[in-house]
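Asks: Take a look at the letters that make up each chain.
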Amino acid sequence: MFHIALRILTYDKVRSLITLLGVVFAVTLIFSQIGIYLGLMQASSVLIDNTPGDIWVTSKNSRNFDFAHPIPEYMYYHALGTPGVEWAEKLIVAWNVIQQKDGSTEQIEVIGFNPDTGIGGPWRMKAGEPGAVKNGNFAIVDESATRRLGKIGIGDYKDVNRKRIQIVGISEGVRSFTTAPLVFTSYNLAQRLGGYISPDSTVFIIVKKLPGYSVREVVASLQQRLSGVDVFTKEDFSFRTRMYWTIETGVGFSFLLTIIISFLVGMLIVGQTIYNSTVEHLKEFGTMKALGAENRDIYQIIFAQAILNALIGYVASLVITLVSVKLYDMTGMTMVVSWQVNLMTLVLTMVMCLLAAVISIRKIRRIDPAILFRG
Amino acid sequence: MEPAIVACGLTKVYKEGPVGPVEVHAVGGVDITVNEGELIGLFGPSGSGKTTLLSMLGCILRPTGGSLEVFGNDVIAIPEDEMPWIRKRYISFIFQGFNLFPALTAFENVMLVLELRKVPPDDAARRAEQLIAEVGLAERSSFLPRDLSGGQKQRVAIARALAADSPIIIADEPTGNLDHSNGVHIMRLLRALASDRRKSVIVATHDSRTQGMFDRILFMEDGEIFGQKEMVK
Ligand SMILES: Nc1ncnc2c1ncn2[C@@H]1O[C@H](COP(=O)(O)OP(=O)(O)OP(=O)(O)O)[C@@H](O)[C@H]1O
Ligand SMILES: [Mg+2]
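As given, the protein sequences belong to chains V and A, one line each in that order.
All residue numbers for the first sequence refer to this note's numbering, where the first residue is 11 and numbers rise by one.
All residue numbers for the second sequence refer to this note's numbering, where the first residue is 7 and numbers rise by one.
Chain V on its own, in the form it takes in the complex (with noise of 0.2 Å):
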């Protein structure tokens, strides 16, 4: 029967092409959705997720990255004399200003690592080395600060609050979820830039477990043993904040409603042509059951339609969606393509297209048959 629907879409190709291409419509639009939902979710927890080490001590009720407050700095070495912990870190996240030579100001969210083991350092360079940042007043930021800060170089001079800080790396990948500038600079300069920062606080601590303990264990042991922090291992850290910016900021629930908006659009485009196609049909379907045909012969032809809409539109817009990554890229998004996002949208299509169908299944349970003599 597939063969026949395949005929009835031929046939009408305007109707087709115009079905198709609200098809493609709905599955480009489920696509970059998905596709930059995950972009960002990524992006939320870069850092976390780029950043050896099993666990993360935070403020107590820090919900995510970002905005975590300050702990005091003792803390890291009951950390480091905790049973199961290999090695612990320090690193600073901490709002602050950069003054533009305009004169404007800039948000930037700064990171301060020790440059001595890289860690919650940059990971990968475009260029100089993270270890340049060490003993002075000097910084890192991301290719992608260009946007935000201008042309930046290395051996630029810029002022975060006040204090003039020279450029000796360009880092590449490093986006953040809020879009503000990442700017890497040693953990001692980041105690002193000021701010909410103060010269005896951290703001994480990060902890390697020894071989032979589990995480959990050692995460236990730290919350027996460090009072007024939360602990967490490295994904739930990571998830944490990714879903606080799911769910508190309400976008996750945004990009929800533009996947279920662009399902349902797609479903009437798709439902409403194969029903009309179907009622238009109605007669040779009609015959067809007269001349011996189940419901069943015809239900196939009326699903095979909707089955080869869904597939063609999703091609169309799977190679439509590759195209896009990369103009997106250019506008400082990520939008992730990856075989599971496509087999969730092939899944969405082929539902969507399918439940349009069922409308149609009724019309034929009920075909009159006085319809068939009519002239």
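Be careful, since some hints might not be right.
As the list claims (entries may be wrong) - Computed list of lysine-lysine pairs in BS3-like fashion (alpha-carbon distance at most 30 Å, straight line):
| id | chain 1 | residue 1 | chain 2 | residue 2 |
| --- | --- | --- | --- | --- |
| 1 | V | 136 | V | 161 |
| 2 | V | 373 | A | 21 |
| 3 | A | 94 | V | 373 |
| 4 | A | 124 | V | 373 |
It is worth saying that the hints were derived from the structure and are not from the lab.
Go by the hints and put chain A with the ligands onto chain V.
Replies: Leaving out everything else, chain A with the ligands in the frame of chain V:
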């Protein structure tokens, strides 16, 4: 020899009229026996119940009264979901409006019936070609219905009815949309089906000029058969 169709007191009362719940007595108490190889003409004015009667004989409309047997199968007793099976096995239709799939070629329209009967594709293609040649359309087998004349479309429909190879063929005004010479051509094809292939063919028609081609003629009025005429050959 078993008759193809035996109907006694066949009745249809439509509960739902076109404009609300009015009872319409479309067919009332028709007795009819259809034999093998017989070409029967059903004549009567518009609204006399010809189509309704044919629909019941063709097992696409449930009678509201009477009995109906198709090759010994008690159609009244058969559950709804076995009706396709009865039709598939015994009955083919030819319609005034042809009812061909506009998107399918003449050949494919005939093939469709064979596919529904799960005939292997190679056999099916051979048979479809052969049947289309038999109705004189060999050159036009790859035409879409929109590129065929009315008479040609009806010939495709006849080839399609033949593809099913069912013993009963029911035709409702098969010449209604055709001019006289095309109508005669179609009637000759139906005549041959009854004579040569031993099909039972029942034709409802207004066209009294074709009366002479039938074996037997039934006259209908107000849902009843009020006269019958055996034709001599
Ligand atoms: N589905 C239906 N619902 C209600 N009444 C119907 C229905 N179909 C037919 N009728 C009525 O039944 C009667 C018989 O109709 P039918 O179509 O059988 O006549 P016919 O002899 O085939 O007429 P024609 O020569 O015009 O085709 C008519 O009065 C018609 O209005
Ligand atoms: Mg009629």
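Asks: All hints are to be evaluated individually against the structure, with a verdict given for each.
Replies: Hints and how they fare:
1. V/136 - V/161: holds, 14 Å
2. V/373 - A/21: holds, 21 Å
3. A/94 - V/373: holds, 22 Å
4. A/124 - V/373: holds, 25 Å
Taken one by one, the earlier hints all hold for this structure without exception.
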